[in-house]
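Chains A and B supply the protein sequences, listed in that same order. Heads up, the final residue of the first sequence is numbered 215 in the working numbering, and it's a clean run with no missing numbers. Heads up, the final residue of the second sequence is numbered 332 in the working numbering, and it's a clean run with no missing numbers.
Keep in mind that the hints were calculated from the coordinates and are not lab data. Treat the hints with care, since some could be wrong.
[To be verified] Chain B stretches covered by chain A per the calculated footprint, using a threshold of three residues with CB under 8 angstroms from any CB of chain A:
#, segment
1, 231 to 242
2, 248 to 259
3, 266 to 280
4, 299 to 313
[What the hints assert, rightly or not] Examples of chain A residues lying across from chain B (beta carbon under 7 angstroms, computed):
#, residue
5, Leu78
6, Ser81
7, Gly132
For clarity, every value in this text was computed on a predicted model and none was experimentally measured. Glycine residues also receive a C-beta, built at the ideal position from the N, C-alpha and C atoms.
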Amino acid sequence: MSRTDAGEPFLQHHFATPEQQFEAGKIGMWLFLVTEILLFGGLFVGYGLMRSRNPAAFSEAHHHLDRILGLTNTVVLLVSSFTMVMAVHAARTDRRKRLVAFLALTLVFAGVFLGIKYIEYSHKFHEGLLPGKFYSHKGDTVPGQFQFFSFYFMMTGLHGIHILGGIGAILWVLRRSVQGHFSSRYYTPVDLVGLYWHLVDLIWIYLFPLLYLIS
Amino acid sequence: MSSDLSQTQHHGGPKLYAGVLAALLVLTAITVTASYVDFGSPAVNVVIALAIASIKASLVALYFMHLRYDKPLLSIIFVGGLFFLGLLLMLTMIDAGTRASVPYWNSKPPAGGPAAR
Chain A
1 MSRTDAGEPF
11 LQHHFATPEQ
21 QFEAGKIGMW
31 LFLVTEILLF
41 GGLFVGYGLM
51 RSRNPAAFSE
61 AHHHLDRILG
71 LTNTVVLLVS
81 SFTMVMAVHA
91 ARTDRRKRLV
101 AFLALTLVFA
111 GVFLGIKYIE
121 YSHKFHEGLL
131 PGKFYSHKGD
141 TVPGQFQFFS
151 FYFMMTGLHG
161 IHILGGIGAI
171 LWVLRRSVQG
181 HFSSRYYTPV
191 DLVGLYWHLV
201 DLIWIYLFPL
211 LYLIS
Chain B
216 MSSDLSQTQH
226 HGGPKLYAGV
236 LAALLVLTAI
246 TVTASYVDFG
256 SPAVNVVIAL
266 AIASIKASLV
276 ALYFMHLRYD
286 KPLLSIIFVG
296 GLFFLGLLLM
306 LTMIDAGTRA
316 SVPYWNSKPP
326 AGGPAAR
């Protein structure tokens, strides 16, 4: 890391100004987020295709999901997005204690989300509501429900892995926040981790009605 | 030139963010309520659910992700990604819709799992 300018310890030598570095970072992050959208997009398209082929099985299978837990997780994730944007705002306005507090709060909500997900998954495992050939639920009146659970586990599973990745990223910026790296002059990592976290929230906004709210 | 990044950026403040969160929670309540209403066709329910989800996603992107206040290039990147997702969805559906007679899926779980034993 080049630290030629004592006044800007985090300005890399190939950028002219901190503004340019910040803008370049954001462009890179958005390009990455677009690839994430297309990664999940493949699953959404597959879901749409299979659901349109087998609407009865999807409608019947989704009754095995707990709407209350799904709704709770939606609210938890929306609130965690709010605490994340508050953390970014705290960094931008030089409030370092608030930055640490809001990042910690975001981590707590992420943990609650995963905890609820664990409860849901263990219930599905217990009932044999598993993807593809592992589906062993007895007494179905509508055939083909394993298809719904293939998508349920692939989509929420990939989303859950992203939550885990987000927790790792937030822990990293939290550590750097405690070390006092961030201020209104430099908070790019907080902003970019925030963008990532909001995207994870954004994907859940679509997963919730598609998986839990098939009427 | 000021090196204080906050001087060069216009973003919302806590009040705006709290308002956006409130709107997101209200829209969540609406989408849950709407799922219990019979609009005549299941397709209408899907369209309504996706429309509400898209309003929520727009709020998140515009305010939490600052797209409203950032340079237009970032919005172009985002909308460009959505465009290609739309292409993927549309062309796949057109393709699938014209080969309805091909039974490339079935209603039985693949063999070899616990259900088969």
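- Task: Tell me if Ser81 of chain A is really an interface residue toward chain B, meaning its C-beta lies closer than 7 angstroms to one of theirs.
- Result: Cβ of Ser81 of chain A sits 6 angstroms from chain B, so the hint holds.
- Task: Count residues of the segment 248 to 259 of chain B with a Cβ under 8 angstroms from any Cβ of chain A, then say if the count reaches three.
- Result: Held - the segment 248 to 259 of chain B has 5 residues with a Cβ nearer than 8 angstroms to chain A, which meets the minimum of three.
- State whether the coverage of the segment 231 to 242 of chain B by chain A holds or is violated, taking the criterion as 3 or more residues with Cβ-Cβ distances under 8 angstroms. holds (count 6)
- Query: Can we keep the Leu78 of chain A interface hint, with Cβ of chain B closer than 7 angstroms?
  - Reply: 5 angstroms, holds
- Query: Counting residues of the segment 299 to 313 of chain B that have a beta-carbon nearer than 8 angstroms to any beta-carbon of chain A, does the count reach 3?
  - Reply: Satisfied; 7 residues make the cut.
- Query: Checking C-beta pairs, does the segment 266 to 280 of chain B have three or more residues closer than 8 angstroms to chain A?
  - Reply: That given contact holds, which follows from 9 residues of the segment 266 to 280 of chain B lying within Cβ reach (below 8 angstroms) of chain A.
- Was the hint right that Gly132 of chain A lines chain B, CB cutoff 7 angstroms? Since chain B brings a Cβ to about 6 angstroms from Gly132 of chain A, closer than 7 angstroms, the hint holds.
Of the hints listed earlier, there is not a single one the structure fails to meet.
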